Each structure stands twice: as C-alpha cells, then as structure tokens.
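**Q** These protein sequence lines are chains A and B, in that order.
For the first sequence, counting from 1, position 108 maps to 108 in the working numbering; every step adds exactly one.
For the second sequence, counting from 1, position 68 maps to 68 in the working numbering; every step adds exactly one.
Hints in this document: simulated from the structure, not taken from any laboratory.
Please note: incorrect hints may appear among the correct ones.
Unchecked claim - Covered stretches of chain B (chain A as the covering partner; in silico rule of three or more C-beta atoms under 8 angstroms from a C-beta of chain A):
| id | region |
| --- | --- |
| 1 | 43-49 |
| 2 | 71-84 |
Stated by the list, open to error - Lysine-lysine pairs mimicking BS3-like chemistry, simulated, CA-CA at most 27 angstroms apart:
| id | chain 1 | residue 1 | chain 2 | residue 2 |
| --- | --- | --- | --- | --- |
| 3 | B | Lys-42 | A | Lys-18 |
| 4 | B | Lys-97 | B | Lys-42 |
| 5 | A | Lys-71 | A | Lys-18 |
| 6 | B | Lys-68 | B | Lys-102 |
| 7 | A | Lys-18 | A | Lys-69 |
| 8 | B | Lys-68 | B | Lys-57 |
| 9 | B | Lys-42 | B | Lys-68 |
| 10 | B | Lys-102 | B | Lys-57 |
| 11 | B | Lys-97 | B | Lys-57 |
| 12 | B | Lys-97 | A | Lys-69 |
| 13 | A | Lys-57 | B | Lys-69 |
| 14 | B | Lys-63 | A | Lys-57 |
| 15 | A | Lys-65 | B | Lys-79 |
| 16 | A | Lys-57 | A | Lys-69 |
| 17 | B | Lys-57 | A | Lys-71 |
| 18 | B | Lys-63 | B | Lys-42 |
| 19 | A | Lys-57 | A | Lys-17 |
| 20 | A | Lys-65 | B | Lys-102 |
| 21 | A | Lys-18 | A | Lys-65 |
| 22 | B | Lys-63 | B | Lys-102 |
| 23 | B | Lys-97 | B | Lys-69 |
| 24 | B | Lys-59 | B | Lys-69 |
| 25 | A | Lys-57 | B | Lys-57 |
| 26 | B | Lys-59 | A | Lys-65 |
| 27 | B | Lys-57 | B | Lys-42 |
| 28 | B | Lys-57 | B | Lys-79 |
| 29 | B | Lys-42 | B | Lys-59 |
| 30 | A | Lys-57 | B | Lys-59 |
| 31 | B | Lys-102 | B | Lys-59 |
| 32 | B | Lys-69 | A | Lys-71 |
| 33 | B | Lys-57 | B | Lys-69 |
| 34 | A | Lys-69 | A | Lys-17 |
| 35 | B | Lys-102 | B | Lys-69 |
This one's a predicted model, so the numbers in the text were calculated from it and none came from an experiment.
Where is the CB? At the ideal position from N, CA and C, for every residue including glycine.
Residue-level listing of the chains:
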Amino acid sequence: EAQVTQNPRYLITVTGKKLTVTCSQNMNHEYMSWYRQDPGLGLRQIYYSMNVEVTDKGDVPEGYKVSRKEKRNFPLILESPSPNQTSLYFCASSLGGWDTQYFGPGTRLTVL
Amino acid sequence: EDQVTQSPEALRLQEGESSSLNCSYTVSGLRGLFWYRQDPGKGPEFLFTLYSAGEEKEKERLKATLTKKESFLHITAPKPEDSATYLCAVLLGSNYKLTFGKGTLLTVNP
Numbered sequence: 001e002a003q004v005t006q007n008p009r010y011l012i013t014v015t016g017k018k019l020t021v022t023c024s025q026n027m028n029h030e031y032m033s034w035y036r037q038d039p040g041l042g043l044r045q046i047y048y049s050m051n052v053e054v055t056d057k058g059d060v061p062e063g064y065k066v067s068r069k070e071k072r073n074f075p076l077i078l079e080s081p082s083p084n085q086t087s088l089y090f091c092a093s094s095l096g097g098w099d100t101q102y103f104g105p106g107t108r109l110t111v112l
Numbered sequence: 001e002d003q004v005t006q007s008p009e010a011l012r013l014q015e016g017e018s019s020s021l022n023c024s025y026t027v028s029g030l031r032g033l034f035w036y037r038q039d040p041g042k043g044p045e046f047l048f049t050l051y052s053a054g055e056e057k058e059k060e061r062l063k064a065t066l067t068k069k070e071s072f073l074h075i076t077a078p079k080p081e082d083s084a085t086y087l088c089a090v091l092l093g094s095n096y097k098l099t100f101g102k103g104t105l106l107t108v109n110p
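So here's chain A without its partners, still in its complex pose (with noise of 0.2 angstroms):
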C-alpha cells in the first residue's frame, strides 16, 4: 500500500531533549515536506526537500533540522525542543513537485 508513515504518532518530552521524528515514503517520491498545524495559524511549511541530499527552509525552519540521505526517508530533528514547538506535524511527499502531495498520519508532539 502506497503510504506515508511517521514515527512516533504522540510524543510527550521536556525542553532541551533532543528528538527526532522519523518519516519514511514507499512512492519513490522525489519530493518530501515536513509542515506544522496549529490552532489558528494553519498548515506551515517547515523544511522541504526535492532529491536526495537537497533541502530548503520553509515558512518556518528555526529549531529545525532535516537530513535527506536516502530517497524514502526525511527525518526532522529537534535538537532543543522547546515548549512553543508543542504542535502537530506532518511529512508529505510527491512524486515531482507539489502536485499531489501525499500527508502522513500526523505526529502530535508536546514539549513541556
């Protein structure tokens, strides 16, 4: 089944615990995002990637940081979460630009 997973779904941490949420794709697709939504200001567009080992700042990149090692997978890393990182995110990829973007499950993430 062609899908987006994230890992993990809920996440509970304290300020200053680095973590990572990992996605992964199984579409072969070159282009891959990681967004945040929260209550009152939508869906923003974190850091985005369109190939292997290439990637791009979105709306809303500090406090970021992805990788793109392999094709299928991005991962996002929180090096020093803190508590306004408290958010729902969500990986999405596409096949070749943002046509059709494929959204993950979602990971809902608290940083106290």
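Here the structure of chain A is known, so what remains is to put chain B in place on it, guided by the hints.
**A** Positioned in the frame of chain A, the structure of chain B alone reads:
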C-alpha cells in the same frame, strides 16, 4: 499580511444546499494552486491542482476554478460526508515554498 486568505472561516450547510469556498492570494506570480481536504485528526488529502486562470477541475460534487487572484471550490448538493476542513495552498514566485491558507471548516447537516 497573509499571502493566502480563505473565506469563510466556517460554513454550515444543509444537505443538498450548494455553496462555494474562496481562496484568494495577494502575491503575483502564481505557479500552482492546490486544494486539500482534511478530516479531524488526519493528514490533508489532495483534491485538485490548478495552474492557470480559467482552469477548472471536477471530482464528484466538487469543482475547483481559478481566476487571476482567487480560486473557488464549488460544492454541489453536498452530503454530510463532505464535512471537513478544506485547505488551499499556493506556490508563488520563484521559490519552491508552499503556503497554505488557514482553511474553511465545512459542516453539512443531514
């Protein structure tokens, strides 16, 4: 200033009552406009892509249209299962960043 504005924020319809959702953008140089549907607790689901003014796309009860500064998502004879948040996103200018609107929460009552 928001680059992408969706209106209304919320819309309540009776089953069968057709209506339209709006997505307007303020920056020039549209390279693509995308519509998504999002159900509570789930990731957005792709609906349509529009690239140029005058373009239209249809899927079941939904029809998306595009003018030079806005897009409409027309919902014909909606059913309760059409209840969801509808998001639009735009690709503008020379970069590859995708900007989403805040969405329209549609509720269709039986």
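**Q** Which earlier hints can't be squared with this structure?
**A** 2, 9, 14, 15, 17, 25, 26, 30 and 32
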